[in-house]
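Colleague: Based on these hints, arrange chain B on the given structure of chain A.
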Amino acid sequence: MSEMIRYKRSAESASASLRRLADEDLMQLVTENDDAAFAILYERHANVAFSLAFRMCGKRQVAEEAVQEAFLSAWRSGARYDRTRGSVRTWVLGIVHNRAIDALRRGVVHDRGRVSDEGIEERLEAPERTEEEVGRRDEAREIRTALDELPAEQSHVIELAYYGGFSHSEIAAMLETPIGTIKGRMRLGLQKLRLQLGPMQVLS
Amino acid sequence: MSTTSENHCERGVDVGAYALGALDEHEVEPFREHLETCAECREELSQLQGVIDSLAIAVPHARASADLRGRLMGVVHGEAELLRATGHEADRPERARSVWRWRVFPALAATGALAAGVLIGALALNTHSSEQTRVIQAQVLPPAAGHDATAALRKVGSHVQLQVTGMPAPALGRIYEVWLKDGSQPPEPTDALFSVTGQGNGTVGVPGDLKGVSKVMVTEEPAGGSLEPTHSPVIVASV
Chain A
66 MSEMIRYKRS
76 AESASASLRR
86 LADEDLMQLV
96 TENDDAAFAI
106 LYERHANVAF
116 SLAFRMCGKR
126 QVAEEAVQEA
136 FLSAWRSGAR
146 YDRTRGSVRT
156 WVLGIVHNRA
166 IDALRRGVVH
176 DRGRVSDEGI
186 EERLEAPERT
196 EEEVGRRDEA
206 REIRTALDEL
216 PAEQSHVIEL
226 AYYGGFSHSE
236 IAAMLETPIG
246 TIKGRMRLGL
256 QKLRLQLGPM
266 QVLS
Chain B
11 MSTTSENHCE
21 RGVDVGAYAL
31 GALDEHEVEP
41 FREHLETCAE
51 CREELSQLQG
61 VIDSLAIAVP
71 HARASADLRG
81 RLMGVVHGEA
91 ELLRATGHEA
101 DRPERARSVW
111 RWRVFPALAA
121 TGALAAGVLI
131 GALALNTHSS
141 EQTRVIQAQV
151 LPPAAGHDAT
161 AALRKVGSHV
171 QLQVTGMPAP
181 ALGRIYEVWL
191 KDGSQPPEPT
201 DALFSVTGQG
211 NGTVGVPGDL
221 KGVSKVMVTE
231 EPAGGSLEPT
241 HSPVIVASV
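If you're matching them up, the sequences are chains A and B in order.
Using the working numbering, the first residue of the first sequence is number 66, and each one after it goes up by one.
Using the working numbering, the first residue of the second sequence is number 11, and each one after it goes up by one.
Since the hints were derived computationally from the structure, they do not count as laboratory data.
Hints may contain errors.
So, partial list: chain A residues that the calculated Cβ filter (under 8 Å) puts toward chain B [unchecked claim]:
| # | residue |
| --- | --- |
| 1 | F119 |
| 2 | I166 |
| 3 | I208 |
Glycine included, each C-beta is placed from N, C-alpha and C at the ideal position.
So that you can see chain B by itself, here it is in the shape it has in the complex:
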């Protein structure tokens, strides 16, 4: 078995710290540049990488919760659905935005809404696509509104997606649930459950095409969702 003792480079002493991710931030890039020119350090790093991989699994076994799976896959399914709906166009960066024409509908904000955030309906037409994209900005209500949170419904063809940013994570053991409301009827539960990343971002597919729906709402519910809302809405979008 070969050893790493063949490395006589004076920077070799940094290889272990680099492999462990323990170099100070300002040292990382210069060492990466050094690696590009030093075969000895590259070779030693390559030999130590297997040990680092071993450290990653040398931990007590713990089981990821079903809630985590639900939150993660909720976002992934939503994004996949939208990508399927929009095809290759969705993969492109949003550089085409500058050529979109925006028509802003009258603001629907009430006094309370102004305190919580702005409620605006907007229609966006992508001139390079045969499918119309409609974006509906939603109202984010306290306490989520205090986090500079935003929420918007994006409708592409018959596919609808809710995107949020800056939202606080639901309390432990809880999840966000999307509801559809038709006029004065009680809100209908959906299977659209989601959580948010550490930055408060999240995306979920909204079932149906919003026909006959006057409001899309989000409440915080126990993991697994509820059949009737148990909390006040934190997001409301008027369709």
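Chain A extracted, bound-state conformation:
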């Protein structure tokens, strides 16, 4: 067996071993500067991270920058991940959300809170390839349905805040509504969503 074949088999075997690890164990390796472990984490969460950034930014290039910055931050600050405070996915998506908000507030995106026409093409181009992805799409659909079932004034402020990156005072000015009312709608909407979603909130 040539050296190259032996090397390739060894690399494949190492990669297969890593793939069997849970996210939290891979994160431990990432803190030890293991780029192969990081690559697997990226594969697992890249699409959901990009989907969130794309929903918020509406432009592929801006969304890609937000995701790239977020994952680089995760790579460089992996030691900050605390498994007692949530899953790796939750942690990564939190960073992506913050980076996307930064982009929104830098004014890189002009249609905050909207999905652009680019988004429509994107959804058509994203085929459901794996069972896991199909499951996630169903899960996302159920959450969106729950959001749609909220009173419109509650779902509207939640969407403007979470996906649009607007602060409550910006939303209050936009809707010409007192700040206290906006805060109340946010809180009530989130509480109703919590009751509606119930056990679904146990996310991997």
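Modeller: Chain B only, in chain A's frame:
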């Protein structure tokens, strides 16, 4: 199922906005301090966190591009390679810099180079490490030079890394590619492809140890890289 109606704290009305990241900037820190002392608000926030996590995935599915993966992993592999080469020393903050001795080689800048940026060769010796670190400042050429961009090669032992700051991102569908040039020979392509963050920062491992290389160059190329340069160099480092 419990509800969040048990929270009677007067600051409780801020919990939803805080969870959504919608408090105004000046309100965030005071509310964090409040959370440290208010068990009711902490409990409500903890209950709402699951909803926030759900919102993050309740979006239309979109697929991240292969280019994004290439750019990101190019940087990550480069950094990992350097960290492996330098071991624990690399993890330390750069506080040791003050004890490094720097010897600046004569400037190699030509008239055009002066307009674009300064080209300096520098040798840095880390007195606390057995391995020599050589830093070669590279010339950043227009149009990238107009962005206050900098680029430097860092050689630790036999490992070489290119670090850039303030570089403009490559055009959509393109990527930066590193080339190695030996005298008058045509530049040799490498698998070192990279992009930059929103701040224009990027790092990539340069293959080989620069033996027999007179110049390291970077050009913008179609995603996936090219076998021959299709654009003029935006970075040139004389080795």
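Colleague: Evaluate each hint against the coordinates.
Modeller: These are the hints, each one checked on the structure:
| no. | hint | in the structure |
| --- | --- | --- |
| 1 | F119 | holds (5 Å) |
| 2 | I166 | holds (6 Å) |
| 3 | I208 | holds (4 Å) |
This entry satisfies every hint, going by the numbered hints stated previously.
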